[in-house]
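The listed protein sequences derive, respectively, from chains L and E. If you use the numbering used here, the first sequence closes out at 537, no skipped numbers anywhere. If you use the numbering used here, the second sequence closes out at 394, no skipped numbers anywhere.
Hints were generated in silico from the structure; no laboratory data involved. Note that the structure is predicted; figures quoted are calculated from it, not measured. Glycine residues also receive a C-beta, built at the ideal position from the N, C-alpha and C atoms. Among these hints, one or two may not hold up.
To be verified - Ranges of calculated distance between the beta carbons of each label pair, as one might list FRET restraints:
#1 GLY529(L) / LYS174(E): 36 to 44 Å
#2 GLU361(L) / MET389(E): 58 to 66 Å
#3 ARG106(L) / LEU128(E): 42 to 50 Å
#4 ASN27(E) / THR337(L): 25 to 33 Å
#5 THR5(E) / ASP442(L): 56 to 64 Å
#6 GLY30(E) / GLY346(L): 23 to 31 Å
#7 ARG160(L) / ARG291(E): 50 to 58 Å
#8 PRO135(L) / ALA164(E): 48 to 56 Å
#9 THR337(L) / GLN321(E): 54 to 62 Å
#10 THR5(E) / ARG106(L): 30 to 38 Å
#11 PHE325(E) / ALA320(L): 58 to 66 Å
#12 ALA164(E) / GLU523(L): 49 to 57 Å
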Amino acid sequence: MTYDAVIVGAGHNGLVTASYLARAGMKVCVVEKNDWIGGAAVSRELYPGFTYSNCSYVSSLFRPEIMRDLELPKHGLQILPYEGGAVFQEGGGYLGMFRDHDANRREFARHSKRDAEAYDIYARDVLRFCRFIRPMLLRTPPDPSSFRPRDLAELMWLGRQMGALSEEMRARMVQFWTMSIADFLDQYFESPVIKGYLAVSAIIGTALGPMSPGSAYVLLHHYMGDVDGNVGAWGFARGGMGSITRALTASLKAAGGEVRTGQGVEKILVQSGRAVGVVLANGDEVRGKRVISNMDVKRTFLKHVDEAELPDDFVKRVKAFKIRGSSGKLNIALDSTPVFPALPEGAPNIRGDLHFTDSIEKMERGYDDWKNGRFSRDPFQDVMIPTMIDPTMTPPGKHFMSSFVQYAPPKIEGRDWTDADRDAFRDTCLNQIETYSPGFKDRVLHVEVRTPRELEAEVGLTEGNIFQGELTFDQLLFNRPVPGYAQYRSPIRDLWICGSSTHPGGGVMGAPGRNAAAEMLREAGAKGGMRDAYAVL
Amino acid sequence: MTVLTHFRTPLLQTPFHARTSAANVLNRWGPWGGYMTALCFGDADMEYTAIRNAASVYDLCPMVKYRITGKDAVGYLNRLTLRDAGKLPVGAVHYTGWTDDAGKLLDDGTLFRHGPEEYLICCQERHLPWFLASAEGFDVSVAEVTEDIAALSLQGPCSATVLAAAGFDVSTLKPFRMATFPFGKGQITISRTGFTGDLGYELWMTPGQALPLWDHLMQAGAPWGIRPIGTDALNLARIEAGFIITNMDFVPAHQAVREDRPRSPLELGLGWMIDWDKGHFTGRRALLAERERGPEWQMVGLDVPGNVSAEGSILYHNKRQEAGFVTAAAWSPALKASVAIAQVQSKYLKANDLWVEIYALRELQYAKLMLPVRVVERPFFNPARKRAMPPERT
Numbered sequence: 001m002t003y004d005a006v007i008v009g010a011g012h013n014g015l016v017t018a019s020y021l022a023r024a025g026m027k028v029c030v031v032e033k034n035d036w037i038g039g040a041a042v043s044r045e046l047y048p049g050f051t052y053s054n055c056s057y058v059s060s061l062f063r064p065e066i067m068r069d070l071e072l073p074k075h076g077l078q079i080l081p082y083e084g085g086a087v088f089q090e091g092g093g094y095l096g097m098f099r100d101h102d103a104n105r106r107e108f109a110r111h112s113k114r115d116a117e118a119y120d121i122y123a124r125d126v127l128r129f130c131r132f133i134r135p136m137l138l139r140t141p142p143d144p145s146s147f148r149p150r151d152l153a154e155l156m157w158l159g160r161q162m163g164a165l166s167e168e169m170r171a172r173m174v175q176f177w178t179m180s181i182a183d184f185l186d187q188y189f190e191s192p193v194i195k196g197y198l199a200v201s202a203i204i205g206t207a208l209g210p211m212s213p214g215s216a217y218v219l220l221h222h223y224m225g226d227v228d229g230n231v232g233a234w235g236f237a238r239g240g241m242g243s244i245t246r247a248l249t250a251s252l253k254a255a256g257g258e259v260r261t262g263q264g265v266e267k268i269l270v271q272s273g274r275a276v277g278v279v280l281a282n283g284d285e286v287r288g289k290r291v292i293s294n295m296d297v298k299r300t301f302l303k304h305v306d307e308a309e310l311p312d313d314f315v316k317r318v319k320a321f322k323i324r325g326s327s328g329k330l331n332i333a334l335d336s337t338p339v340f341p342a343l344p345e346g347a348p349n350i351r352g353d354l355h356f357t358d359s360i361e362k363m364e365r366g367y368d369d370w371k372n373g374r375f376s377r378d379p380f381q382d383v384m385i386p387t388m389i390d391p392t393m394t395p396p397g398k399h400f401m402s403s404f405v406q407y408a409p410p411k412i413e414g415r416d417w418t419d420a421d422r423d424a425f426r427d428t429c430l431n432q433i434e435t436y437s438p439g440f441k442d443r444v445l446h447v448e449v450r451t452p453r454e455l456e457a458e459v460g461l462t463e464g465n466i467f468q469g470e471l472t473f474d475q476l477l478f479n480r481p482v483p484g485y486a487q488y489r490s491p492i493r494d495l496w497i498c499g500s501s502t503h504p505g506g507g508v509m510g511a512p513g514r515n516a517a518a519e520m521l522r523e524a525g526a527k528g529g530m531r532d533a534y535a536v537l
Numbered sequence: 001m002t003v004l005t006h007f008r009t010p011l012l013q014t015p016f017h018a019r020t021s022a023a024n025v026l027n028r029w030g031p032w033g034g035y036m037t038a039l040c041f042g043d044a045d046m047e048y049t050a051i052r053n054a055a056s057v058y059d060l061c062p063m064v065k066y067r068i069t070g071k072d073a074v075g076y077l078n079r080l081t082l083r084d085a086g087k088l089p090v091g092a093v094h095y096t097g098w099t100d101d102a103g104k105l106l107d108d109g110t111l112f113r114h115g116p117e118e119y120l121i122c123c124q125e126r127h128l129p130w131f132l133a134s135a136e137g138f139d140v141s142v143a144e145v146t147e148d149i150a151a152l153s154l155q156g157p158c159s160a161t162v163l164a165a166a167g168f169d170v171s172t173l174k175p176f177r178m179a180t181f182p183f184g185k186g187q188i189t190i191s192r193t194g195f196t197g198d199l200g201y202e203l204w205m206t207p208g209q210a211l212p213l214w215d216h217l218m219q220a221g222a223p224w225g226i227r228p229i230g231t232d233a234l235n236l237a238r239i240e241a242g243f244i245i246t247n248m249d250f251v252p253a254h255q256a257v258r259e260d261r262p263r264s265p266l267e268l269g270l271g272w273m274i275d276w277d278k279g280h281f282t283g284r285r286a287l288l289a290e291r292e293r294g295p296e297w298q299m300v301g302l303d304v305p306g307n308v309s310a311e312g313s314i315l316y317h318n319k320r321q322e323a324g325f326v327t328a329a330a331w332s333p334a335l336k337a338s339v340a341i342a343q344v345q346s347k348y349l350k351a352n353d354l355w356v357e358i359y360a361l362r363e364l365q366y367a368k369l370m371l372p373v374r375v376v377e378r379p380f381f382n383p384a385r386k387r388a389m390p391p392e393r394t
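Turn these sequences into a full structure, and let the hints steer you where they fit.
Rendered as structure tokens:
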């Protein structure tokens, strides 16, 4: 049989695209190389009784329009806001985060009275940037070199958005898109630990240091989401991040879609310049009127399509696409609740993100190691214990701890990672946690360690880059993934891309998947159950 | 001189006050039925999350309670209320309502049958004159017992697990059933009831047992993140469950100053309650006539596009004629949808061209929205674990 669409990869974006197409009446089939679904939004039980969020570990960006359209709550999706957070300082101090505005201001004031009051101005400015960018998330970027009416209309819309800003705001916005987070934060704050905490969102998943130009935008990428209207807030998916892709799969199947696991795509079949299906690793062919790749742009076109089918210029640009790996991940099963003696008893901070990098300088030194082809000797870790809030992932009293680690390069001094490198990386991370939580290592039951090597081999992310391509300004909007191909299409007819390599980029957002589906449905003249994006009032 | 002091402390404190006041870090209290009740203990979002994710406790003491006892208890309640109290087994609970002679609702509430001749009514408003007047000719006694009974609601997907950890095995307790369990030197009653539309229980005890039980439950529930919740969080959960509240979603007939305000059970979506075959009951004749001609109003659930709550909004037919009004609305975290409960005039409901005009307050200015709404089933949120047997364990 010939499907209307074959989707390569059961990551969240592939499943979002598939679900929208299925709801519009298309026969769709998702093929996945692993025996499990989820891509990088995945939960597996690697230690008995413990469910992990093996890759992505928190949720904020996932568009609420998608959850509603695809009825994901009905299929089991639940997002839990979390509270707290803290940075532990060398010497036993800490900076805590609180959901309560006044508690947070008083905590900041312990470190700098000026910064405590500056935070409101900072928050206003970041919210202004968010208001500018949020309406763009669920729109296909215009092609600035095209004269088609839709492109012209979208360009004019974009122009109007810019035109609505004051001259000063426009200048600040352009600065913000191009400057470093260190310079940006210096405009507001003086306390090293406050700056150290706020800079985190600007480096996560990015092969940039906090002093690199372009890092400020990455902060915005982490602030433009929300949990039930609280812009910038993050939460856990109940049952682990895999429950997002599980709900998507249930929604897809309810709409008549299929998912085949355990056989990856060897090759995308192209006949007379059109994609007509895929060949799986076992030799099976799955035919479709269109093929949609959830893989990153490099993997899709450099590994699974004959180069002869592609224009040279396109291949050159895809090869130049920046997708450098910068991070690793530890998933830890704990026998009991870790204690951080710096925190006051009963403080809610342990129910949020925990860091041990108390200044931007320290973070930048970690990046220096990456530039030298080594993992950071004193890494930045974004530690979370989702089971402080989610009762479903471990037995009571036991915990799952997730640690996102930077920096970890795709190669160690130019060669591949070895198991010994991986173990050394693990020990460096665990030792850092132990420093701030004595006895921590004795609580550890099991650790899953993921360097860029494992992320590429298992999830398929080229170089282990979690965003399927860096979120620098040169690779955003109509330049993502490459100029001329930002509308989810490719040089091959009926071959589409829907992953985070496309606008508006990475994170468990689903927007690329939905935008890609919208383009396909528009081209096919089909009407799907796709609501308008929510207005930004 | 008398020793009256109630004018100094108009609101009573519940038997749990020593614990709820310690936990209420923002000191956010509101009045409920003459008692101080916590609106929020510190973080309404996390409190709501406890209801849908873990385990929550809510102080139910202010609920108005009447004990009905006597040989004619069944006959009396069948005359007074809409459902058949005789069909309610001992050890069971049902949700019911009662109307005046014109068939207009006076209140809704839960009826607990503790014995063949012993019932407890729990409700929002006070009705002693009406209940006593209705008792004429029946061999029953009606006693207002609000202060004699302390009650705590334990709701959430981990609630059965927390009860088990506290030594109360509720695994065989079905929805709308109750049982007694030893506690200390006495006993408490636990019913599988609640106002959240989730798995949940209500615990009934003497005021003297209140603090020891609170401490016991909070300790047993700690591994599951048990936390006290205020009315703000509960209100969001009840909207998701599609439940209505007296004086919020309808005006009880005994309090309505404007004659057009009272509503019948048929107009409030409670027609299913009426047992037409049980014999005469107060309001029956008026309700029969209304059933013939069709109710003038209807209570409906609405799906509202966008992400702005439609609280307090007016509904229009064809964007022009006023067709009704929203009584409760919220952005639902559980559904990732904007939902509303509304009263709509029946004639406009049929036309199926309903719009809501929302005034969204943004930095001191209202942004005006006119959005098409869709009538949807209530409950909006209806998880299987609400009914599952045995109850979900986490």
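Hint check results:
| no. | hint | result |
| --- | --- | --- |
| 1 | GLY529(L) / LYS174(E): 36 to 44 Å | 37 Å, holds |
| 2 | GLU361(L) / MET389(E): 58 to 66 Å | 59 Å, holds |
| 3 | ARG106(L) / LEU128(E): 42 to 50 Å | 49 Å, holds |
| 4 | ASN27(E) / THR337(L): 25 to 33 Å | 30 Å, holds |
| 5 | THR5(E) / ASP442(L): 56 to 64 Å | 58 Å, holds |
| 6 | GLY30(E) / GLY346(L): 23 to 31 Å | 26 Å, holds |
| 7 | ARG160(L) / ARG291(E): 50 to 58 Å | 56 Å, holds |
| 8 | PRO135(L) / ALA164(E): 48 to 56 Å | 49 Å, holds |
| 9 | THR337(L) / GLN321(E): 54 to 62 Å | 60 Å, holds |
| 10 | THR5(E) / ARG106(L): 30 to 38 Å | 37 Å, holds |
| 11 | PHE325(E) / ALA320(L): 58 to 66 Å | 60 Å, holds |
| 12 | ALA164(E) / GLU523(L): 49 to 57 Å | 56 Å, holds |
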